[in-house]
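Below are the chains, spelled out letter by letter.
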Amino acid sequence: MYQDKSYFSGLFCGIKSICIGLKTTMREFFTPKITEQYPENRKELKMFDRFRGSLTMPHNEKNEHKCVACGICQMQCPNDSINVVSEMVEVDGKKKKQLVRYEYNLGSCMFCMLCVNACPHDAITFDQSFENAVFDRSKLIKQLNKPGSKVAEKPMPARPAVAKPAAKDAEASVAQAAPDQAKAEKPQPATDEATEAKAEN
Amino acid sequence: MFDFSVISQWLHNLLLSIVPEWAAILIESVLVALVIITLYAVFAIVLIYMERKICGFFQCRLGPNRVGKWGLLQVFADVFKMLQKEIIKMRQTDRFLHDLAPFFVVTASMLTFACLPWNKGAHMIDFNIGIFFILAVSSVGVVGILLAGWGSNSKYPLIGAMRSGAQIISYELSIGLTMLTMICLTGTMQISEIVEQQAAEGWNIFRGHVPALIAFVIYLIAGNAECNRGPFDLPEAESELTAGYHTEYSGMHFGYFYLAEYLNLFIAAGIASTIFLGGWAPLHIAGLDGFNGVMDAIPGIVWFLGKTFFVVFLFMWERWTLPRLRIDNILSLEWKYLMPISMANLVLMALVVAFKLYL
Chain A
1 MYQDKSYFSG LFCGIKSICI GLKTTMREFF TPKITEQYPE NRKELKMFDR FRGSLTMPHN
61 EKNEHKCVAC GICQMQCPND SINVVSEMVE VDGKKKKQLV RYEYNLGSCM FCMLCVNACP
121 HDAITFDQSF ENAVFDRSKL IKQLNKPGSK VAEKPMPARP AVAKPAAKDA EASVAQAAPD
181 QAKAEKPQPA TDEATEAKAE N
Chain Y
1001 MFDFSVISQW LHNLLLSIVP EWAAILIESV LVALVIITLY AVFAIVLIYM ERKICGFFQC
1061 RLGPNRVGKW GLLQVFADVF KMLQKEIIKM RQTDRFLHDL APFFVVTASM LTFACLPWNK
1121 GAHMIDFNIG IFFILAVSSV GVVGILLAGW GSNSKYPLIG AMRSGAQIIS YELSIGLTML
1181 TMICLTGTMQ ISEIVEQQAA EGWNIFRGHV PALIAFVIYL IAGNAECNRG PFDLPEAESE
1241 LTAGYHTEYS GMHFGYFYLA EYLNLFIAAG IASTIFLGGW APLHIAGLDG FNGVMDAIPG
1301 IVWFLGKTFF VVFLFMWERW TLPRLRIDNI LSLEWKYLMP ISMANLVLMA LVVAFKLYL
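Listed in order, the protein sequences are those of chains A and Y. Just so you know, the working numbering puts 117 at position 117 of the first sequence, and the rest follows in order with no gaps. Quick note, the working numbering runs 1000 ahead of the 1-based positions in the second sequence.
Wrong hints could be hidden among the right ones.
[Stated by the list, open to error] If the Cβ cut is set under 10 Å, some of the chain A residues that face chain Y in the computed set are: (1) Phe-29; (2) Pro-32; (3) Ile-34; (4) Gln-37.
Worth flagging that the hints you see were computed from the coordinates, not collected in a lab. All C-beta atoms in this analysis are idealised placements derived from N, C-alpha and C, irrespective of residue type, glycine included.
The whole structure should be built from the sequences, with the hints applied where relevant.
Next up, the structure:
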């Protein structure tokens, strides 16, 4: 046993730290308890914001969602829980991908949130619902886009780097965040990428 | 103050009028034994419930609350579960010692339990060396623990039992010295007299002021160690030794260890309330006659139980605050700190008594 304090200072330090501990537990004794009594408080139970209940696709009041059926979430999903079924339609002479069915298998989802993080349009998110018990596994396969819904007309630019005017801000922030040596070379390729992305669109 | 000996005397005379004296005493002994066993079970249930609730509250939880209102029936359910369980007979154990061990533990704690002063005139065992008797019979429990460890023929129980032996024998010294300190103040070892004296002259913890307070704190620490609880639960140490000395026990044999653990807690608290806080003696403040009258109206049993459960709460507070110590820390705490302090405290108390500095 190592000795870093003299006998008496060690003794009094010990007494002091025990008193601090006793004070802490006594305070804890009187604090409101954090236990949630689930089935009884089902009405007023509110899960915390970052809780990953199940994947949802928010729709606005006009029954429009933001999904452009790019399929990035499907590619990101490690468990193949997401299946994006899309079709090509011709709008104003341009071919465009359109979402038909967004299938989500709750049973194989591991709530890693990679899909939500990858989504360029913030079309999907996790909600707070957690009562997922069903009698049949097939009921766990959910269609997230509501029937008759369509993609919102002017989707908000999710990544400011894509839009031209916002590109400079994005560059500035990137340059600030990047280490100093990267600063000199960074702007040139970044603008190129931005313009290329614009051209592709 | 109500004197319980009126009832016991009445019962004794009633029995004498029916049967000869030897039979009367036999019947009374059986009655007392039944009362002890009943109280033992009742207090074990109360304490287990209290422990679980208080533990929960200290950890910001609610504790048991599903079985019955506020979980009141939880412990009954556990007790019935334990009664129904099979007592497993293992090969290659010392069957006789293995089965004997829980009874040693339970008998030791029942004998100590019988020494508590419940009310004025309500003592079950009361004679002139009562404190010595308590110290002696409470030490019998360690024999049971060692037997349990040895008889199980398994490494974890043996390690647990050895730790328990080292720990209990060490902390027995502190307990003995703090009790000596208080006997120095009271001048008697008879439990009923200790309490009578405190009823007349004020509680020992106030009479003995500084040395009594130091002795009380040391008793709180050593008492937890004696019960194998709290930061001193090395003999069980569920994270290292599965369950320590009672790993190989099942059913009611395990239940006896469990009961004895909680009753030892109650007994340690009861002895603390007897020698420090005045047992059944009500709180008196000199000069306030109206207040004293009100305090006298509260029955002695309520005072005793109130003080005892207060000390039990202190024990639990200590237990759920501190993490488990290592075996060398436990022994150095006792031999390097508590024992020298309680020896110095004994000298201090002797000086206080010699110069009549007590209140």
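Taking the hints in turn, this is what the structure says about them:
1. Phe-29: With a minimum Cβ separation of about 5 Å from chain Y (threshold 10 Å), the hint on Phe-29(A) holds.
2. Pro-32: holds (8 Å)
3. Ile-34: holds (5 Å)
4. Gln-37: holds (8 Å)
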